[in-house]
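Please construct the entire structure, taking both the sequences and the accompanying hints into account.
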Amino acid sequence: MRKRVVITGGAVISALGNEWPDIFKNLRTGKNCVRYMKDWEKYTRMNTMLAAPVDFSMSNYPRKKTRGLGRVAQLALVSAEKALTNAGIGTDNPELKNGRAGISYGSSMGSVDSLLDFYSMLVLHDMKNISATTYIKAMPQTCAANIGVFFGLTGRIITTNTACTSGSQALGFAYETIQRGIQDIMLAGGAEELSPADAAVFDTLFAASCKNDTPEKTPAAYDKNRDGLVVGEGAGTLVLEEYEHAKKRGANIIAEIAGFGTNTDGSHITQPNRETMGIAMKLALEDSGLEPVTIGYVNTHGTATDAGDVAESWATADVFQKSIPASTLKSYIGHTLGACGVIEAWISINMMKEKWFSPNLNLNELDPRCGPLDYITGSGREIDTEYIMSNNFAFGGINTSLIFRNISE
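If you read the sequence shown in the numbering used here, its first letter stands for residue 227, the second for the next number, and so on.
Hints listed in this document are in silico derivations from the structure and should not be mistaken for laboratory results.
Among the hints, erroneous ones may be present.
[Stated by the list, open to error] Quick list of in silico lysine-lysine cross-link-like pairs, BS3-like style, CA-CA up to 25 Å:
id	residue 1	residue 2
1	Lys290	Lys354
2	Lys450	Lys548
3	Lys257	Lys581
4	Lys251	Lys290
Right, dumping it as structure tokens:
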């Protein structure tokens, strides 16, 4: 019999803030966190100078415990610790070490600075920059492994390094692990540190915004005059629990994961596929046993890229066959890549609890090529709904869809 999976805690490190009251306030006031990155001017032939960084430090942590952590793992660890505290589990709970608590975590890659240290060795033929922790910081599984060691987790470990679906796949796979009775608790999340190399990836594809003189006007998902995405950074962690386990310990149940779907396009590494995007959403609906009419809001991937917005909006319209309320959080914090699936899910869940959903910033003139959705604009929208959907899509043709239920027990 399938187990019910609930969310009992969560936390994010984001450009909008790290605590829900601050995030909610900034969403309400329509705060755009995009900045001009003056330091990037040194990179010749790079067009975009925009990003959404976070103000973050681990200065209050003992160096002995953090010396093997690059920035991406630091972001992940802090969000995980805050999530455990938020869930009322804490960081020294014996249940974390009994083999029934695991971790599912992802990022696009490890810390770039450590990768550069290896590169310098190959170019300069000198190992002076290589230390015992260089690989630990650079390895793709750095977030999952370091969190596991820091908290002494001895259960299952799942690493998801699938670019922009790293976080959402981590949530989905953790959900399936508990659903099958393999674990009682899973820490699930995603993280990404800011690097000009990330911006360069999209710059070479003509998919990065170049509104360098007006950072507050970008990204502009679904807008006729959008010119691309803006990279961001951050981390998000959710505490997932088997329903009866959560009830037994008297946990505060925030929401339930009702459905999950993931698939691949099988056609192109970087070009989005409308049909398979829609199939991922249908898989999530099928998993939940819900009809499309039950969903009250869709948190879209909404990267503000030319092809991505068109394909996603039409895929969503194909599935719902109605003008469903939809908005993207990337218009506030940029594209946080491996972290976006969890940051956006957690914020969307909290908006569902508040019965208010944020508008699409910078959507002034809808691109007529986009699908017929109810794009939220203005001051946001009051919506009282039991179910919401959150979608993410990644290079490699990887698609994810998650459905969350609003419960409080």
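So, going through the hints one by one against the coordinates:
no. : hint               : in the structure
1   : Lys290 with Lys354 : holds (21 Å)
2   : Lys450 with Lys548 : holds (22 Å)
3   : Lys257 with Lys581 : holds (19 Å)
4   : Lys251 with Lys290 : violated (36 Å)
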